[in-house]
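*Asks:* Since chain Z is already given, all that's left is putting chain U on it; use the hints.
The listed protein sequences correspond, in order, to chains Z and U.
Following our numbering, the residues of the first sequence are numbered contiguously, the last one being 566.
Following our numbering, the residues of the second sequence are numbered contiguously, the last one being 232.
Derived by calculation from the structure, the hints in this document are not laboratory data.
Please read these numbers as outputs of a predicted model, since none were measured by experiment.
It is possible that some hints are incorrect.
[As the list claims (entries may be wrong)] Pairs of lysine to aspartate or glutamate residues, derived as EDC-like cross-links and limited to a Cα-Cα distance of at most 16 angstroms, are as follows:
1. K142/U x E81/U
2. K144/Z x E81/U
3. K226/Z x D560/Z
4. K226/Z x E558/Z
5. K138/Z x E81/U
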Amino acid sequence: MNKMQKEHAANEANYLTYQGKHKGLLGWILSTDHKRIGLLYLYSIMTMFFVGVLLGLAMKFELLAPGKTIMNPQTYNATFTVHGVIMIFMVVVPGLPAVFGNFLLPIMIGAKDVAFPKLNLLSWWLYVLGVFLVLSAVLFGNGVPDTGWTFYAPYSFKTGTNLLPAIFGAFVLGFSSILTGLNFLVTIHRLRCPGMTWTKLPLFVWTLYGTAWIQLLATPVIGITMVLIALERIFGVGIFDPALGGDPILYQHLFWIYSHPAVYIMILPAMGAISEIIPTFSQKQIFGYKAIIASTMAIAFVGYLVWGHHMFTAGMSGTAQYYFSLLTFVVAIPSAIKVFNWISTMYKGSINVQTPLYWAASFIFVFLIGGLSGLVLGALAANVHVHDTAFVVAHFHYIVFGGTGFAFMGAIHFWFPKIFGRMYDKAWANAGWLVFFIGFLTLYTPMFYLGMMGMPRRYYDYLEEFHGGNILSTFGSWIMVTGLVIIVINLVRSARKGPVAEMDPWHSKTLEWTVSSPPPVENFDEIPVIAEDDGPYNYK
Amino acid sequence: MEQNAHAEHIHYDAEASKIGMWLFIFTELLLFGGLFIVYSIYRFMNQEAFHLAGEELNTTIGAINTVLLLISSMTIAMSTSTLQYKKKGATLGLLAVTVIIGVVFLVNKYFEWGTKFSHGIWPGSEHMLSELSQGEILFFGLYFVMTGLHALHIIIGLIIILFAVFRIQKGTVNENRAALLENAGLYWHLVDLIWIFLFPLFYLIH
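Here chain Z stands alone, though its shape is the one from the complex (with noise of 0.2 angstroms):
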């Protein structure tokens, strides 16, 4: 039997039942094939939010009535604390890339696998690692962080509760993140198969691309503010610290160096993804392709230069205020761009209704409401008005749970049948969004009038004239939940039980869909070849 033979008998199996030198969860944990490392990135991410979700509910239960309703404001504010590393940390940071990401990309581009399969399998298990890390922070010691997630100094010295497991857990998520990064940027420059040149690349392979960029040139900065804050608890250093001459601003901006980029690491593969959803759903070829990807890169790099907007009121030099509201107003741009596109593409096609298409609907629906509030927060004057209420925690939640969280859904509902081989019910599937994106316009919504008159956020507790709007948004997260229920049901039944799906049930036409559902072990029998008029939107 020559080699041949065995690689063919090989790609009999596919991905989910190919039992290699290791069986049953070992072969998973161990695995290097970027499909396995990408379905347990998928189940650790869903984990992780759960949880966070669970914490969400709790805190709007708080909410409910003005005064202690459930807990008191030691919990809240580990609470909240907790929801938002577990979420932007554990969820929406690595969300998209790794679990698509890792799925898709040496499919898309036409390759075997990642450039460093085994690093790939580390960033896992370092995922992993800052998993416990953060966990061990919660279960164990005097006190849960109450910090908020954002650990500003000199607070975070201060605190007397388990801070230092949860600092460590950010920085190896953080070097997690940098290597998926620094992966799929080798993967995209090295493995493109024969004639996949970078104008023929699907846009989902473009904003990962961008999104690498931001991982590893973003991500650094905030491991050695960790770092600093870790040495600033252990032995009291200094840098942070007013006491002994430190500045506690500089840590704020050495903070949001990092992570106001990091929010166009949540944004741009959702964009990406949404970018593949609408051409297939409207069977037509996406409008303004190169501006798309001239935006993506636009936004990779003024996203740099905007942090400042966090800090409006910290105390900065009123120039700097000018240069960052101005930033802030030009990385609008290219966001606008790429919805012009989506909406063009959409015109004058042969739109085919199904549940991927809602999502995506309803994220260019939140995503606008929450890129134009975006703007009445970087705007100088509006800012000191809302800064630091729940005006903020509205408008990031439309951005970063409507935006990346609904491409997610989106993404989830339309690879599903190439990661699983199965169909999900699609009368639930729709149910579900409906549901949920009621719920979610009522959770958030009231959020935006109730900052707008004055609510400051991360208080257990509100004034009773807020009370009306708390009980709106309480119910909303209700319905909201509902409607995740009836979706994960959905999901997990079919991925076990529905009907067998077709290598292409949407019609798509990149690289992913040529291969059967599920893709095989090794992807391609023979690596694909891209003729001189192929491309990734080529519908007629």
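*Replies:* This is chain U only, laid out in the frame that chain Z set:
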């Protein structure tokens, strides 16, 4: 046959691992970049104190360590050439010299820090908090953080080099598959380069 050649290509892509290493070096530069920003801001705010505190440091040991690291960069660069010329013995010898120099650097650093400790200078020490000005506290805080982080990178670099030595002995790193040694060299040069900036910033500028 052709498929075999292709599989081989995926398995070993020297260019890819070199790009990967360069990207990793970017991240290391940014890691230290954050510290260099902090340093320059505090130097600007506390010029007098940084001047005074800088004179406490032992320029001789610093200079010796700088020369040592420069020599070690040369020896590791030479080892990649000798590997190309299939001189395995010379390669291993040069790498041994590199490792020894790295260890000597750390020993010097140990004595340098030890002297500071014996003068009562360490982060949060009684002497520092009561006797020194805020600017001096910041200077020594940054001194310990930055040289400490650099020493940690020396240790990581040494581990990578030792790993390369092991693989060269086994023969899995050779003139045709030299990427691991070249990457070890790149990393060592990075560690060297960072020191080239740390040395004048702490020891020389007055």
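*Asks:* Hint by hint, say whether it matches the structure.
*Replies:* Here is what the structure says about each hint:
The hinted pair formed by K142/U and E81/U meets the criterion: a straight-line CA distance of about 13 angstroms does not exceed 16 angstroms. Between the alpha carbons of K144/Z and E81/U the distance comes to roughly 48 angstroms, so the proposed pair goes past 16 angstroms and is violated. Between K226/Z and D560/Z the CA atoms are separated by roughly 8 angstroms; this keeps the pair inside 16 angstroms, and the hint holds. With a C-alpha separation of about 10 angstroms, the suggested pairing of K226/Z with E558/Z holds against the 16 angstroms cut-off.
At most 16 angstroms may separate the alpha-carbon atoms for a hinted pair to count; K138/Z and E81/U exceed this at roughly 58 angstroms.
In summary, the numbered hints that this structure violates are 2, 5.
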